[in-house]
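Work the whole structure out from these sequences, hints included.
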Amino acid sequence: MNIHLSQRHPHADGVTPDTALFQQALDELAEAGGGTLVVDHGRYALGGLRIGSNTCLWLSPGAELIVSEKRR
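The sequence shown begins at 16 in our numbering and counts up by one.
Heads up, some of the hints might be wrong.
Pairwise CB distance ranges, derived in the manner of DEER restraints [to be verified]:
#1 Q22 / R65: 19 to 27 angstroms
#2 G49 / E84: 15 to 23 angstroms
#3 S75 / Q39: 15 to 23 angstroms
#4 N17 / G77: 12 to 20 angstroms
Source of the hints: derived by calculation from the structure; they are not laboratory data.
The beta carbon of each residue, even a glycine, is placed where N, CA and C say it ideally should be.
Structural data, given as structure tokens:
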């Protein structure tokens with residue numbers, strides 16, 4: 016199973032946190048037994064994430080994950 020984060024309309028501006036959107040997608044993959052979260056070009060401000068077993072993050076060229084102090 017693949018989930019393309021771009022279809023969920025993330026902010027991807029490097030400032031506004033996308034943590035909840037990432038976590039929702041990762042939780043869906045975990046419930047399905049695993050899969051891949053495809054992250055397209057953009058800057059994603061994130062707090063902590065829980066990544067389940069058999070789950071991968073696929074970062075496309077130009078995708079950046081930025082640790083955010085805002086967390087959510």
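Outcome of the hint check:
no., hint, in the structure
1, Q22 / R65: 19 to 27 angstroms, "21 angstroms, holds"
2, G49 / E84: 15 to 23 angstroms, "31 angstroms, violated"
3, S75 / Q39: 15 to 23 angstroms, "20 angstroms, holds"
4, N17 / G77: 12 to 20 angstroms, "19 angstroms, holds"
The structure fails to meet hint 2 from the earlier list, while all remaining hints are met.
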